[in-house]
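> Each chain, written out:
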Amino acid sequence: MKQNVKHKKPKSFPIGVHTIDNKLSQFAPIEFMHAPDTVYIAMQQNIGKPSLPVVKPGDYVKMGQMIAKASEGLGANIFSSVSGTVQALNVKRPSTSGIANHIQIKNDGLNTQHLLQSLENPTPDEICQRIFDSGIVGLGGAGFPTHIKAKVDKQVQTLIINGAECEPYITCDHRIMLDYTSEFLKGADFLAKCVHAKQVVIAFKNRDRLLESKIKDSIKQNKLDNMDTMSFDSIYPLGAEKQLVYSVTGKKVPIRNIPLSVGVVVANVATVLAIYQSVVQGKTCYQRVLTVTGKGVKEQKNIWVANGTPFEQVLQFAGANMQDTPSQSAVGNIVKLIAGGPMMGYAVDNTQVVTTKTTNCILALTAEEVNIETPLECINCAGCSKVCPMKLMPMFIHQYGQAQDATNAAKYGAKDCIECGCCSFVCPSKIPLVQTIREAKKVVQKYEKTTKKIL
Amino acid sequence: MSIILNNPVVSVSPHVTQLNNTTSRVMIDVLISLLPVVLVSIFFFGYLVLVNLVVCCVACFWSEVIFNSVVHKQSPVWKNVKKSSVFSDHSFAVTACILALNLPTVINVWGWNIQDGDSILFSLDTVILCILMSVFAIVVVKMLFGGLGRNFANPAVTSRVFLLLAFTSGMIAVRTNPFFGLNLGLDASSGASWLGLVGEGTVLNSTTSPKVLFNMFLGNVSSAAVGETSVFAIAIGYVYLVFKKVIDWRLPLVLIGFTAIFALVFGLADSRIEYDSVSTVIGYTLAHLLSGGLVFGAVFMATDYSTSPNTFLGACIFALGIALFTVLIRIFAQWPEGFSFSLLLMNIATPMIDRYIYPKPFGYVRPVRSSQ
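In the order they appear, the protein sequences are chains A and B. Once you know that position 55 of the first sequence is 115 in our numbering, the rest is easy, because the numbers rise by one and skip nothing. Once you know that position 249 of the second sequence is 258 in our numbering, the rest is easy, because the numbers rise by one and skip nothing.
The set of hints was computed from the structure by calculation and includes no laboratory data. It should be emphasised that the depicted structure is a prediction, and the values quoted were computed from it without experimental measurement. Just so you know, even glycine gets a beta-carbon here, dropped at the ideal spot from N, CA and C.
Derived DSS-like pairs (lysine-lysine); straight-line CA-CA distance at most 30 angstroms: (1) A:129 to A:253; (2) A:506 to B:369; (3) A:71 to B:253; (4) A:71 to A:280; (5) B:369 to A:512; (6) A:276 to A:311; (7) A:312 to B:369.
Reference listing, derived: stretches of chain A covered by chain B, where coverage requires no fewer than 3 residues with Cβ under 8 angstroms from a Cβ of chain B: (8) 313-325; (9) 438-444; (10) 479-485.
All chains, please: the whole structure from these sequences, using the hints.
Here you go:
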């Protein structure tokens, strides 16, 4: 099967930026964190539509029991992460995308589990149904419902397990690959069966020799013949879907298309671990491994966190500085709190934001790590277009977007931006290019809507 | 016990950016790379180069400050000069340096000089023209079109072309002022430059001997502007700029390469020159590369961010145009040097190049046209 892989010596995607990795928590084994007294479970945890509650206030729910069902189309089930009593529906709380609905559940501390029946020798259809039943979404951060990805209508050549984790700071996938090696490989095997993939490639960075040998040993032990590993040099954004497909197979995914169009399915390491737990152990997707890191916490950790835990509890678990002094510059005080990684995450202003299925990192940055700059005029250095992994011209999209010129903004690629943040990262004038390109996207959408013309 | 964020910073992603990569850092890198050229120019042409440089710097700085205060109402500008954008991005200094290096030591228009015998100690003409050039470069070329990054052409080269056309006699007559320079006593003070000979059609094979070429490389020859004399010093600046990743290393080389090709082609076609061996042809081509403003312009002016195309393919076309017009002007027009004119021309063509040449997105497929 190895000859199907084009590059003999795997090469990273050639375009991108070299960020400082700052993987502070990479040597911290995955720990468990007890669920807090009250959890607030968000009703929208995936791309698509919010889920619909199926419980009433006062109901008793077990850990892992469904509390909201998937809506039609793009949707995923949502499960209680504690055993206890439902206290309220439609609790408005801050989230990474504004105020959102949450279900409030009081934890009774008993952790009574509700498990699905474990499957032995499951058929592809059974696996696909189980993925839907367990509400598994892309846990790498995008939150695309996995059961839709798993329903393939084309021949799949390669299943790529994305362990690249190219964002600085985040280490949860790295730790899953080390601490749950055989589990995630078996999960990958289940997904491969489900999509009828001919070969499976585990892609990760060659930061850690130990990791590579461990995965290879585990593949041999479990007799997973169609699996192969590929390690890449560090570059951001290696883990972006299209860029990873190109690095692994040498195939270019056509623009505005999914990897399936070239016969590839990409799944995250955390997602396949969730598939394993769901198929073998019957656990639904109600908790996940996340990294809590940054210099704002005393111990950088990788932890299993129950869905719906406020950030505050996670930060306390990791020993964040209690802010007695109201000054930003005091050493160790959190200046910026980010849900997700430093390149694509969302900054939040409130520690009451809760974790969801897609929260892979809570990043507490201090004043020394955050550099706050005022944007200057663009000097046309074209640095942004040199590092753009989609080969766009960010400075022109920025200029035409500001000028409300939809035609030219689309010409230079406003619609194809993956918002990886490379352009803003290298900009010497510190222009927030990602944000202005998002605005340009809206300009293009508005133009297309009013003129009914596709640019 | 709860964690309260005190005035947390909330901004859009990405939340980390490259440290030490700022506009002012880029400008300081360019200034550092110009340092060898400045030193060599002072070495060959004397302290008047330094006088021009200081006058240009001061004039550029104050013209930008005054323009901002008048047009953008940044007031009171005299009191918070250090806070103004002029001071923070250092771009005025880059313009001033390149402008000063693009001038001869003395421009003799009205003859208001302090002289000691034949040698000129101080030239009031030059100072006045330096100020005029600086104001023209900053106000007309740069600020009126929107300031840093918005200028349609390189301010220094536009200024130089203005000077060449307005004060032709002054520029040509006093080409060099080697009297105070510690010149090595070879060709620095002697008459017309090699390109002058090309323009007059009196190229002799002896003018491209290895010794002459080596002097051209070091800068020990007369030249129309002080900065372009030493290819060696410019090469040091080039290496620094490439090392710091300020410029694309390919553009200057492509430009020089195209010039070599055109010089070879048009040189062979030029019936006024008699070639007796292959080495003469090579010498002729090399002399084209080593003399005039070509190398200085290729490294410091053609790589100017806002006036050069943003893609490599576009930059190649840009370089092709500059090389072609430079050689054509040098050989067939009455001007001895054509680099400034051709660079200015291609500067103006840059937006058009950028309009038609842009990269296709990763995974681009040609849209299927419907059969209607």
